[in-house]
Amino acid sequence: MKKRTMETSLAGHSPGLVRSIERRLFLKQGLSLGALALLSGCDPTDDEGVQSLLKGMSRWNDRAQGWLFNPNKLAPEYPESAITKPFPFNAFYSEEEVTLVDGKDYKLELEGLIREKKPWTLPELYGLPQTSQITRHICVEGWSAIGKWSGVRFSEFLARVGADTSAKYIGFTCADDYYTSIDMETALHPQTLLTFRFADQVLPPKYGFPMKLRIPTKLGFKNPKHIMSMFVSNEYPGGYWEDQGYNWFSGS
Amino acid sequence: MKPLEIAALATFLAAGAGASAADAPGKPMKMDEPMHGEMKKESMKKGDVKKAAKKKEREMKPMIEKEAAGSTKK
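For the protein sequence lines, the chains are L and H, in the order given. If you're matching positions, the first sequence starts at 22 in this note's numbering and goes up one per residue. If you're matching positions, the second sequence starts at 11 in this note's numbering and goes up one per residue.
Heads up, some of the hints might be wrong.
EDC-like cross-link-like pairs, simulated, lysine to aspartate or glutamate; straight-line CA separation at most 16 Å [said to hold, decoys possible]:
| # | chain 1 | residue 1 | chain 2 | residue 2 |
| --- | --- | --- | --- | --- |
| 1 | H | K55 | L | E118 |
| 2 | H | K60 | H | E75 |
| 3 | H | K37 | L | E118 |
| 4 | H | K64 | L | D264 |
| 5 | H | K51 | L | D264 |
| 6 | H | K55 | H | D42 |
| 7 | H | K71 | L | E132 |
No lab work stands behind these hints: they were computed from the structure.
Construct all of the structure, not just a fragment, from the sequences and the given hints.
Printed below as a string of structure tokens:
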């Protein structure tokens, strides 16, 4: 088999592109060396100082990803034929332990920097303008699957309730006790949907009834299911996995 | 259909019904069992999420309420 070196694999590309890739590699290697130097001789799981330093670096990384986020760049959309069947179930619990939410009594609670905090019933939410998307759900575990979700554009919902869209964060709490939060730029992205249907059916319990926030520009754990309440804030809310060390921004 | 085939079919159908009932959602979460999925650390239990959610609510709620009260005064 022919061995592909950097030179052979980049042969034929413009000198500008090669320089750009070399610069990225240099930065990447420099950062890796820096991280190794910081961690040498330490047990990162025990040392509070190292934990604090790593959290600081992770927050800096979040900010950098936020600056790089392009609110106009769309995630790829797919035809119906590309939909993954069956769509995988994934949670920190088994499928038989999925939380059942009673749709008749359900009310979405709103808190924080929102003008109209009146709770929303499901018929009210279903009455909002609906749109559909077929996008790829990408899991941090290393798998991905394509599905069809339908619901209201989150930006439309935020405008209707008078959310302060100059605030930094939106946090979510869920019926299964999960919690997470996202940045406002992603919340306002045109493909971020508050979804009520999956594959043209009412969202089944295992996929997050009564509603799931679908964000095709972020990893799966940033797409909360069984949402019960949300708040808008400038205080950093973190999230369950994010507080365990997973990258908070986790998006493109 | 022979009696043996009927018995086999009945057993198959009963097993199928049992399997689908076992997968049906809504069973109480076993909080002291290890978490499912690949994101967890070895020692994590399902009940850890509930505990963390309560702690987070205690931390965030006063801040969010104070922030919202401040914004309505403006």
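So, going through the hints one by one against the coordinates:
Pair hint H/K55 plus L/E118 holds up; C-alpha atoms about 14 Å apart against a cutoff of 16 Å. Distance hint between H/K60 and H/E75 is unfulfilled; the C-alpha atoms sit about 22 Å from each other, more than 16 Å. A distance of roughly 5 Å separates the Cα atoms of H/K37 and L/E118; the hinted pair therefore holds under the 16 Å criterion. Pair hint H/K64 plus L/D264 holds up; C-alpha atoms about 14 Å apart against a cutoff of 16 Å.
A threshold of 16 Å between alpha carbons decides the hint, and for H/K51 with L/D264 the separation of about 13 Å falls inside it, so the pair holds. A hinted pair counts as satisfied when its Cα atoms are at most 16 Å apart, and H/K55 with H/D42 qualifies at roughly 6 Å. Taken as a hint, the H/K71 and L/E132 pair is honoured in the structure, with Cα atoms around 9 Å apart against an allowance of 16 Å.
Checked against the numbered hints given earlier, the structure breaks only hint 2 and satisfies all the rest.
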